Amino acid sequence: MHHSIDWQTQIAAVADRFNREYRGESVDLPDEVQAMPIFRERVSGLLQAKLTAPFWQLAQPQKHQHCLDVGCGVSFLIYDWRDWNAFFYGQEISTVAKEALNARAPQLNSKLFKGVKLGAAHDLQYEAKQFDLAIATGFSCYYPLDYWKLVLSEVRRVLKPGGVFVFDVLNPDAELAESWAILETYSNAEVFLESLKDWREMIGSEGGKILKTQSGELFELYKVGF
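Plus 1266 on top of the position in the sequence shown (first one is 1) and you've got my numbering.
Think of the hints as simulated: they come from the structure by calculation, not from any bench.
Mixed in with the good hints, there may be bad ones.
Calculated pairs, BS3-like style, for lysine-lysine (alpha carbon to alpha carbon, straight line, at most 30 Å) [claimed, not checked]: (1) K1415 with K1478; (2) K1426 with K1489; (3) K1426 with K1415; (4) K1489 with K1380; (5) K1329 with K1478; (6) K1329 with K1463; (7) K1463 with K1478; (8) K1426 with K1383; (9) K1380 with K1463.
Just the calculated beta-carbon pair ranges, DEER-fashion [what the hints assert, rightly or not]: (10) I1476 with K1316: 15 to 25 Å; (11) E1456 with S1292: 15 to 25 Å; (12) N1454 with Q1480: 26 to 36 Å; (13) T1318 with P1427: 25 to 35 Å; (14) K1415 with K1395: 34 to 44 Å; (15) G1482 with D1346: 39 to 49 Å.
Keep in mind that this is a model prediction, so the values were computed, not measured.
Ideal placement from N, C-alpha and C gives every residue a C-beta, glycine not left out.
Assemble the whole structure, with the sequences as input and the hints as a guide.
This is the structure we're talking about:
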């Protein structure tokens, strides 16, 4: 470990949250949370579209590029990796998602799918200068900026010179942000509402340069070079 803060408690809580989601387990929520419009949107499936970060709109994986999806979930099964014809490597803290992907993805395309390793985003199980593109969507809001400094330095380590990193951050000023944070907190996953200004400053302090951004209903997508 290359830091003094122990992030394991936080990581374990987030892993548990995603394991439950991938198993389809529901959380008992109090009536006042179930009465929130955002809860009804989640039940109806409308919320999922607002949470999806279309990373390929900022940096579409190119043919034979080596791409690392950090916190990949079941990305290879649901996005257009086979059309992109890019090599997919994953890292994930959810054992459920990792096992599902490692079991099913090779049947879809064993040439492009290079496997998913179990591990947290600040400790990537890959060699230096290995990837053309790194992606991390759907989990930045569960960790404070100090943790993300470690993530950025690890991503920078594994990217080839000229490689880019696409990730999403929660926009705390978005209309849905506070309701969503409440919903997640009741699902035992604390959400950090960091300002976009602080995100941009932190990216700069780690040697990152924001090349492009895209706004969604809840999340901002950043394309960063180093």
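Do the hints match the structure? See the list:
1. K1415 with K1478: With Cα atoms ~19 Å apart, K1415 and K1478 stay inside 30 Å; holds.
2. K1426 with K1489: holds, 15 Å
3. K1426 with K1415: The given pair, whose Cα atoms are some 19 Å apart, holds under the 30 Å limit.
4. K1489 with K1380: holds, 24 Å
5. K1329 with K1478: Distance ~21 Å between K1329 and K1478 Cα, so the pair holds.
6. K1329 with K1463: violated, 35 Å
7. K1463 with K1478: Holds. K1463 to K1478 sits at ~15 Å (cutoff 30 Å).
8. K1426 with K1383: The given pair, whose Cα atoms are some 20 Å apart, holds under the 30 Å limit.
9. K1380 with K1463: violated, 36 Å
10. I1476 with K1316: 15 to 25 Å: Because 23 Å falls inside the window, the suggested range holds.
11. E1456 with S1292: 15 to 25 Å: holds, 19 Å
12. N1454 with Q1480: 26 to 36 Å: holds, 30 Å
13. T1318 with P1427: 25 to 35 Å: For T1318 and P1427 the Cβ distance comes to about 30 Å; the hint holds.
14. K1415 with K1395: 34 to 44 Å: Given range 34 to 44 Å: violated, Cβ gap about 20 Å.
15. G1482 with D1346: 39 to 49 Å: Because 19 Å falls outside the window, the suggested range is violated.
Violated hints, listed in ascending order, are 6, 9, 14 and 15; each of the other numbered hints is respected by the structure.
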